[in-house]
Amino acid sequence: MDKQNNIFDYLKVNKPQVPNKDYFEQLANNVMKSQKIKVIPIYKKPVTWLSMAAASVAIMFLLGVFNSNPQETNVLLALNEVSVNEIETYIYDNINDFDTDAIINLIEEENIEAEEEKVSIEPIIETTISEKPISLDNIEKEDILEYFELEGINLEDLGDDESFI
Amino acid sequence: MTIHPEDNEIIDLFNQGGIKAEKAFSSLVAKYGESLYRQIRHITKNHELTNDVLQNVFIKVFQNLSNFKKESALYTWLYRITRNETLNYLDKEKRRSGIDIDGPLLEIIAGHDVLDNTTPELITQLLDDAIDSLPEKQSLVFQLKYFEELKYSEISARLNTSEGALKANYHHARQKIETFIINKLNH
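Chains as they are written, first to last, in my numbering: chain H, 1 to 165; chain U, 1 to 187.
A portion of the hints provided could be inaccurate.
Stated by the list, open to error - To give an idea of the interface, some chain H residues facing chain U are shown, with a C-beta separation under 8 Å as derived from the structure:
{"hint": "1", "residue": "I7"}
{"hint": "2", "residue": "L11"}
{"hint": "3", "residue": "V13"}
{"hint": "4", "residue": "N85"}
{"hint": "5", "residue": "I87"}
{"hint": "6", "residue": "Y90"}
{"hint": "7", "residue": "I91"}
Note that these hints are calculated values from the structure, not bench results. All residues carry an ideal CB built from backbone N, CA and C; glycine is no exception.
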């Protein structure tokens, strides 16, 4: 009974020949190819190129490469290194060399108002000089006549109204 | 169930995609390709059909590996896919190769009363039928031990089962197969 059941002792397996290692390597490659696996080098990826281009443009803008007047840029960059005090001192010392009208036009109105607020010297108001309130009675006749002469006002043009005097 | 660390590494690498997936898949084919090839060729009996089926098997593996839930050992999953693909392929083609190039898988050594009166082709067919009648895990253990002659330690690593359990499993498988074949031959 045991012998009858122990059939494996009377059987031998004929192992089929199995392909070598290269076959399985090629098989793996074929499968991956069929599944469209591609290893794309990073430098070939469109996303990489677009990102690099965008970053380059941004950097160029920051550096002012697209500035049409590079000389102007250089001057502005140099001016940035000079302090405000130094600039003011230079202008005061060389005010005659500057076109004051041009300077005035450059200063924005709002900046003038802001600067005026900062001025610590009180504006000259006649009441502060004279303790007396302003009145024509307090002005000498000769001063009035001198004023008219300076303004080119002909007294004779004023007619008979001599209330001004 | 915990998966074998090597197999776990392959799966994790595969799931990272790109070059790593490519490397992982190549490792998987190198590790288990031969075993699956033998499993298929055992049924198809020739290299051309085996090649076709094996390619289909690995395409299926590639497409589904990221969905593998690690509820069984990786090789058990591969074995299942291979078996299904082989049977489906033969069923679909409704043919063998025309001329079976491979000889019978088994040779009969003279001296057994019952076996002496049979042919290698018949015994091979009966053995296949007996293996089919086993539970899947037991069938797998038997094939790895009997046909591939792996050590218990190697089967343990592949199936993530203890060597003791494997020895018991194989012993019972042999008993069942012997009984099956003898009963068939005696009828």
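Numbers of the earlier hints that this structure fails to satisfy, in rising order: 4, 5, 6, 7
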